[in-house]
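Residue numbers (the numbering used here), protein chains in the order written: chain U, 1 to 139; chain H, 1 to 139; chain R, 1 to 139; chain Y, 1 to 139.
Everything hinted at is true.
The list cannot tell twin chains apart, which means a pair is met if one copy fits it or any two copies do.
Taking lysine to aspartate or glutamate and the EDC-like style, the derived pairs with C-alpha atoms no more than 16 Å apart in a straight line are:
#1 Lys-72 / Asp-117
#2 Lys-51 / Asp-117
#3 Lys-94 / Asp-64
#4 Lys-120 / Asp-54
#5 Lys-68 / Glu-103
#6 Lys-51 / Asp-75
#7 Lys-94 / Glu-38
#8 Lys-68 / Asp-101
#9 Lys-51 / Asp-74
No lab work stands behind these hints: they were computed from the structure.
This structure is a prediction, so every number in the text was calculated from the model and none was measured.
Chain by chain, the residues:
There are 4 protein chains.
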Amino acid sequence: MDHNVFAWPVRIYYEDTDAGGVVYHANYLRYMERARNEWLRSMGQPIGVIKQRDGCVFVVASLDLHYKATAKLDDELSVTAQVTNIKRVSMTLKQTVLRNDEELVVGNLNLVTVNADTFKPVAVPSALTAHPLIQNAIN
Amino acid sequence: MDHNVFAWPVRIYYEDTDAGGVVYHANYLRYMERARNEWLRSMGQPIGVIKQRDGCVFVVASLDLHYKATAKLDDELSVTAQVTNIKRVSMTLKQTVLRNDEELVVGNLNLVTVNADTFKPVAVPSALTAHPLIQNAIN
Amino acid sequence: MDHNVFAWPVRIYYEDTDAGGVVYHANYLRYMERARNEWLRSMGQPIGVIKQRDGCVFVVASLDLHYKATAKLDDELSVTAQVTNIKRVSMTLKQTVLRNDEELVVGNLNLVTVNADTFKPVAVPSALTAHPLIQNAIN
Amino acid sequence: MDHNVFAWPVRIYYEDTDAGGVVYHANYLRYMERARNEWLRSMGQPIGVIKQRDGCVFVVASLDLHYKATAKLDDELSVTAQVTNIKRVSMTLKQTVLRNDEELVVGNLNLVTVNADTFKPVAVPSALTAHPLIQNAIN
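The task is simple: from the sequences and hints, build the whole structure.
Below is the structure:
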């Protein structure tokens, strides 16, 4: 794991698991959402500020997930968020769910910036595109 | 079970269960919400119609739940909805989750009618208070 | 929509939605799980029978989702399940979430058959591979 | 808020909210579960240790919730856990969800200790009943 990549801790409770004894597969998307929000907050750009200042929100347009190992009750995981590509109205993020250094789930998510009222695509806010963490990530 | 009481079927999938091998305790509230919505629809009063016509929604103000037995993966349950008391701005419902005739969870929920914009309490819509199913239930 | 494809209805309640006013993106995976389970049941092969008879369960190994339009509160959706490829220990399913004839979400999921105790890959049960619905779907 | 009471932070994401723009009512039970687990961990008694050493788990037998105000997207909440009564096989906890000093939801939960295999009630582990935090809470 690249220690320059943003990572957010997630603890696994009963709410996260299923009768197979492991984390329910859809729930990793919840953890990735948490990590994306905290990654934005870490850049001084929480979603509430973006919505109020720029009038836009991010919606998931597409994603892929690869499940490599399972997480269990009481595990402490780490979820990364890293921009791998950025276009005028969209960003692609790679997000990884780790337990220590073991990759459990790897995802790629394409997020489109849309107007919060009309849901029409709009440009990614310049406060993000100009941010060093994003500039560095894509170069 | 009183066969005059409205009941709605719920099938249990992995999404509903936890690592204890049973349905996660909070999820019964989701099934009770489903049954309340379908009970309103069965009276010709789906929540979308009520919101558009009367400008109000229902919010849960308080509830109690009693867990008597557990539901498991692939169980087919039945969830009831029945008004036990009605006041100007609120209704109390008894809701039971059953597997065949066995009561698994029994709940009492106090729902307040609020303006959809301001969230201030408003009168329960007359289309509901005048409905025979509710009139019968409370007499 | 091909009317030979298995489809399962899903109604949208508050539990399914988020503060954006639409269905939370991860929840479509829950609906796809429901449709897969009911598709197996429709072939006389509910997951409980498969687990008891063959000692195996299905786990999601990878998936991709494409979000084309949003579902809202009280929508009635339809979720399909269709095998597009089958190998010794895995199946690929295409699953589509529709509102009437409009495709909202399209997913491809790779499911691996694993021993229920060891989680080691095992052959897809012959009761499935031999079933006409699967034979037809892949030819 | 009594600053001797255990409290655990919870941040609100889209996953937590519903189309009413607020936190979905059932989700507060998830936050209370998180706080109970972390409260046990804070006493050196995480649920995994209890299950392995004492062979038991806690199940919710009954609860009541009182909703006083709503939480919204991006709120940072605090969830308390405090024993109010303890018997041979069960504990009653008061749990409160706060935003700063405002009480949003207050709950009382009765938890029964059960054998992890048979689900039969067993005595509350002595490591808990003897712990100063619990001794203090109930005297």
